[in-house]
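Visitor: So the protein sequences, as listed, match chains A and B. Going by full-length UniProt numbering, the letters in the first sequence line up with residues 1 to 584, in that order. Going by full-length UniProt numbering, the letters in the second sequence line up with residues 1 to 584, in that order.
Just so you know, the hints here were simulated from the structure itself, not pulled from any lab data. These figures come from a predicted structure and were not determined experimentally. In this text, a Cβ means the ideal position worked out from N, Cα and C, and glycines have one as well. One thing to keep in mind: the hints can contain errors.
Listed below are the simulated DSSO-like cross-link pairs for lysine-lysine, each with C-alpha atoms no more than 27 Å apart in a straight line [said to hold, decoys possible]: (1) B/LYS317 x A/LYS135; (2) A/LYS450 x A/LYS515; (3) B/LYS553 x A/LYS454; (4) B/LYS233 x A/LYS293; (5) B/LYS515 x A/LYS514; (6) A/LYS293 x B/LYS132; (7) A/LYS233 x B/LYS317; (8) A/LYS294 x B/LYS132; (9) B/LYS135 x A/LYS294; (10) B/LYS553 x A/LYS553; (11) A/LYS293 x B/LYS135; (12) B/LYS315 x A/LYS132; (13) A/LYS233 x B/LYS293.
Chain A regions said to be covered by chain B (calculated; three or more residues, Cβ under 8 Å) [to be verified]: (14) 362 to 368; (15) 532 to 545.
Number of protein chains: 2
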Amino acid sequence: MYIEKINGPEDVKKLSVEEMTQLAEEMRTALLTRASIHGGHFGPNFGMVEATIALHYVFSSPEDKIVYDVSHQTYPHKMLTGRKDAYLYEEHYDDVSGYSNPHESEHDHFTIGHTSTSVSLACGLAKARDLKHEKYNVIAVIGDGSLSGGEALEGLDYAAELNGNLIIIVNDNDMSIAENHGGLYQNLKLLRETKGQAECNLFKAMGLDYLYIDQGNDVASLIEGFKKVKDTKKAVVVHIRTQKGKGYLPAEKDKETWHYSGPFHMDTGKPLVEEVSEDYSDVTVKYLLDKMKKDPTVVAITSGTPTVLGFTADKRKEAGSQFVDVGIAEETAVALASGIAANGGKPIWGVYSSFVQRTYDQISQDLCINGNAATMVVYWGTVYGMNDVTHLGLYDIAMLSNIPNLVYLAPTTKEEYLAMLDWSMEQNEHPVAIRTPGSTMISDGKEVTKDFSKINTYEMTQKGSKAALIGLGTFYSLAKEVAAEIEAKTGTKATVINPYYITGIDQAMLEDLKKDHDVVVTLEDGILDGGFGEKITRFYGNSNVKVLNFGLKKEFLDRYNVEDVLKANHLTKDQIVADIISTL
Amino acid sequence: MYIEKINGPEDVKKLSVEEMTQLAEEMRTALLTRASIHGGHFGPNFGMVEATIALHYVFSSPEDKIVYDVSHQTYPHKMLTGRKDAYLYEEHYDDVSGYSNPHESEHDHFTIGHTSTSVSLACGLAKARDLKHEKYNVIAVIGDGSLSGGEALEGLDYAAELNGNLIIIVNDNDMSIAENHGGLYQNLKLLRETKGQAECNLFKAMGLDYLYIDQGNDVASLIEGFKKVKDTKKAVVVHIRTQKGKGYLPAEKDKETWHYSGPFHMDTGKPLVEEVSEDYSDVTVKYLLDKMKKDPTVVAITSGTPTVLGFTADKRKEAGSQFVDVGIAEETAVALASGIAANGGKPIWGVYSSFVQRTYDQISQDLCINGNAATMVVYWGTVYGMNDVTHLGLYDIAMLSNIPNLVYLAPTTKEEYLAMLDWSMEQNEHPVAIRTPGSTMISDGKEVTKDFSKINTYEMTQKGSKAALIGLGTFYSLAKEVAAEIEAKTGTKATVINPYYITGIDQAMLEDLKKDHDVVVTLEDGILDGGFGEKITRFYGNSNVKVLNFGLKKEFLDRYNVEDVLKANHLTKDQIVADIISTL
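Make a model of the complete structure from these sequences and hints.
Guide: In structure tokens form, the structure reads like this:
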């Protein structure tokens with residue numbers, strides 16, 4: 001096999017076009033085998049195999065610098081830059097991350113996992129090159145789906161002003177994670193249909209040069225095109241038409257499902273492990289579809305990740321105009337929600353914790369200053385969520401909970417979540433965010449009668465003394481376990497509190513605790529810095545009550561083991577119990 | 001005068017074109033008189049007088065809903081919607097805010113002060129309208145300068161998918177605050193030159209319908225154009241060419257200076273009060289221009305506000321390619337800085353506190369995960385800064401200080417600032433942000449010898465006992481005053497600490513304080529929630545040391561009086577002294 005002999009781009013350059021075409025097939029087979037066993041981003045990589053080969057044939061990485069947007073399509077690049085073993089041999093599958101990573105290779109220039117960043121980052125590399133009077137190519141590779149993001153559009157606009165070499169490869173497979181949304185995709189379609197000849201051209205309108213390559217999965221065509229733009233003196237877009245999931249029939253047919261895949265049976269494409277248990281996305285879509293039927297002003301919004309709210313293709317169809325995908329455009333999603341709420345609609349936006357930070361300013365300015373009653377649901381804000389450094393769910397409390405006017409809620413069970421959701425959708429007073437708990441969804445069947453309009457009122461679920469445990473969201477059950485263990489070990493029955501509200505403190509209850517408690521303990525599923533617990537600690541700063549805050553250290557973790565991280569952060573039940581007993 | 005009889009849009013509709021043209025002149029005179037006495041946003045309003053009259057003539061606000069981007073150009077709208085007195089009579093000048101404001105009028109739909117939001121917000125109004133099966137026009141008015149912002153470009157892209165009425169007025173005066181930057185402005189120029197006929201059209205490429213109005217300061221042309229798009233069934237851009245500062249010669253000639261103006265002599269255009277004292281912007285540009293000459297890899301970046309770093313037009317020219325304006329595009333500014341640093345350059349980005357929040361994700365992902373040594377300088381992060389609700393500088397500590405890997409520094413004097421700046425520009429280890437102090441710049445002439453690479457090492461500037469005062473940035477001098485007052489009143493010499501580092505605690509020093517201090521006091525010029533003081537309080541949570549945190553409440557203030565706010569937040573010297581003495 002050719003792939004076995006590729007130890008770096010220099011080995012690609014030795015091959016003929018026929019050999020590179022064969023190499024592409026071998027790489028696809030390796031990608032398919034690895035994906036079926038290991039899982040990972042699928043479709044984007046399958047479409048980019050030939051283009052990656054051609055890039056390394058024409059250009060000379062790492063001197064020429066290639067930046068991959070969101071880096072979902074970075075596996076072929078890794079295979080050709082000294083990391084093939086991680087794709088060929090099962091025992092090495094975990095040697096590499098799923099994203100571009102400078103710690104792995106000099107051929108990677110940034111750790112990237114969020115979309116729409118490549119053009120602006122590449123502009124930076126190019127600008128530094130020009131300041132230093134160096135000469136080489138800087139190349140950004142961006143998928144069509146990422147173009148709808150504000151940073152990408154800003155970057156395209158700025159690139160024209162660089163006045164230096166920059167090559168922007170637009171990998172157009174006519175798909176985002178789901179189908180594309182936004183007017184610019186009509187223009188990409190027009191350009192594909194006219195083989196790049198249409199006068200009305202988004203990229204030219206942004207001041208960029210432009211080249212179209214129709215056969216984006218043909219090595220020879222790509223090489224020819226890339227040679228034309230090599231050493232360009234200004235910014236140029238190379239628009240290549242590729243096929244997402246190319247080479248694996250189930251993925252070619254159902255591009256959305258195969259954007260990312262867990263392990264699967266190669267013959268059938270069926271997942272090895274069927275997900276059977278209900279999760280917060282399932283619960284949400286069920287609630288919303290029912291509510292939409294009763295109320296035509298209810299509208300669910302996604303920014304390119306429709307399934308976070310549970311809206312698979314069939315359910316999107318069912319919701320009709322009451323479901324909106326703005327494309328990967330979180331800023332517009334929040335502003336849209338604010339505008340809908342301002343005009344009497346009932347918007348709900350679902351977002352992963354890792355992506356909510358893409359729209360801080362809009363949450364603060366467009367939404368919270370205006371006090372519009374939109375609902376946001378934040379998923380996977382938990383140590384039990386995604387564990388790549390670019391996709392952590394540990395920072396949303398620190399970010400959201402310090403924005404004035406926002407009510408950020410932390411349910412602990414399915415029932416609490418639905419009660420909060422329903423309250424939020426019906427009220428007209430507050431911008432509300434709800435953080436779904438991590439780990440397995442707990443459903444206790446209890447009716448929730450709490451009136452959530454009484455902002456910042458906590459619930460004491462067990463009245464005790466000496467120690468009070470305030471367990472937020474995911475960690476409420478941990479608080480209960482700790483209390484039980486303390487009682488078993490010391491006979492002291494601790495107080496247990498479900499705070500519900502992340503954004504404020506229940507002053508009356510906290511004041512009352514001073515009477516018969518020596519220590520108050522907070523537990524939160526996120527970083528401690530700027531988080532929930534510190535607000536409690538500040539309240540008690542001038543009192544004799546001691547406060548212990550449990551949560552995670554402010555740091556960037558990468559591909560961690562949950563148990564190890566919990567232990568390192570003193571978050572196991574035994575550690576917490578020991579700390580409290582030593583304080584009592 | 002006609003203007004005196006305009007109590008609402010219905011009065012505009014009664015006028016003939018000739019009368020409206022006369023009205024425009026009257027409005028301009030009133031705007032000029034008010035600006036010369038009161039100050040405010042100047043150029044944007046002067047260009048939009050005729051268009052605003054035509055909008056209110058053709059459309060029926062508030063049923064038809066007009067959303068003004070950044071709302072710098074909202075004064076004429078206010079004059080025509082029942083708020084003329086605030087522009088005609090000096091005693092009423094302060095009756096209105098400088099921004100669109102639903103609390104003032106049903107003709108304003110959002111409180112807006114940040115750029116690039118109007119299209120997305122208007123999409124929200126339109127979407128709610130369609131869900132409710134109502135019929136009216138929704139109009140976004142956006143200046144050409146705001147188009148470079150990510151949210152605006154996202155919004156244009158999404159607007160095409162609305163499938164309902166939306167009119168986007170692009171007010172093209174060929175200027176941002178300074179000159180425009182970005183490739184899209186070449187396209188606007190082409191469209192102006194071809195009177196909208198060029199085939200290559202950014203807005204059409206975004207899937208939008210398009211109409212060009214060449215005479216954007218002619219009431220009749222505008223009325224004719226607006227009538228054409230009224231009740232459109234899909235999103236349409238109306239591109240109008242206007243003249244920024246029209247009608248006042250100094251403003252027509254120097255559009256940048258006259259974007260915003262303080263009070264001035266009407267005859268000469270000279271400011272009534274000359275700014276003579278040096279500020280942090282002056283200090284920065286002086287330092288940078290000198291450094292640029294010695295090191296060609298130093299590059300200053302702005303996102304549309306060049307003077308924040310002190311770069312007036314002459315100094316931009318002096319810096320040449322070592323100064324970059326990316327346009328109003330904070331996300332790209334941060335990514336660009338990260339890319340430059342990654343490739344061996346020395347980038348510095350200057351930004352107002354209120355706008356740094358427009359790029360949380362890029363600071364976290366593009367910059368801090370990658371650990372690139374870019375420098376950010378945050379200006380006006382202080383209670384003494386801008387006091388409109390949309391431009392507050394109270395939240396940057398809560399936002400930035402909880403992002404891992406970032407070193408956020410708080411100098412207290414000019415000398416400390418320059419030492420930090422120089423250290424930051426020369427080091428290769430950390431992304432660094434520096435928060436310039438508020439109030440008058442203090443220069444004590446002291447040589448700063450501290451090694452800032454020793455992260456999180458505070459400086460004890462006065463060793464005392466019982467009480468320790470940690471005064472951050474602006475409030476360090478307050479801490480010294482409080483200490484002096486406590487000593488005068490009680491004889492107790494308190495410890496005083498300059499922490500320098502916002503992002504971390506000096507554990508050794510804090511531990512040491514436990515020996516002979518009963519109370520530790522923190523003072524910070526920002527909100528307490530998620531801020532600096534809470535990190536100190538958490539450290540002492542499990543000790544006998546009491547902690548008092550002084551800072552601002554988490555809330556949105558609007559057009560406040562500093563003294564009142566300080567008092568309300570218990571931030572006067574006397575209040576703090578009393579609190580500490582009662583704790584001792």
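Visitor: The structure should be examined with respect to each hint, and the outcome stated for every one.
Guide: Do the hints match the structure? See the list:
1. B/LYS317 x A/LYS135: Given pair B/LYS317, A/LYS135 holds - Cα atoms ~25 Å apart, limit 27 Å.
2. A/LYS450 x A/LYS515: Roughly 26 Å between the alpha carbons, so the hint for A/LYS450 and A/LYS515 holds.
3. B/LYS553 x A/LYS454: Holds, at roughly 20 Å.
4. B/LYS233 x A/LYS293: Between B/LYS233 and A/LYS293 the Cα gap is close to 25 Å, so the pair holds against 27 Å.
5. B/LYS515 x A/LYS514: Distance of about 25 Å is within 27 Å: holds.
6. A/LYS293 x B/LYS132: holds (14 Å)
7. A/LYS233 x B/LYS317: holds (23 Å)
8. A/LYS294 x B/LYS132: Holds, at about 13 Å.
9. B/LYS135 x A/LYS294: It holds: about 22 Å lies between the C-alpha atoms, which stays within 27 Å.
10. B/LYS553 x A/LYS553: Holds: B/LYS553 and A/LYS553 sit about 25 Å apart, inside 27 Å.
11. A/LYS293 x B/LYS135: holds (22 Å)
12. B/LYS315 x A/LYS132: holds (21 Å)
13. A/LYS233 x B/LYS293: holds (25 Å)
14. 362 to 368: Our answer is that it holds, as 5 residues pass the Cβ test (under 8 Å) against chain B, meeting three.
15. 532 to 545: Satisfied; 9 residues make the cut.
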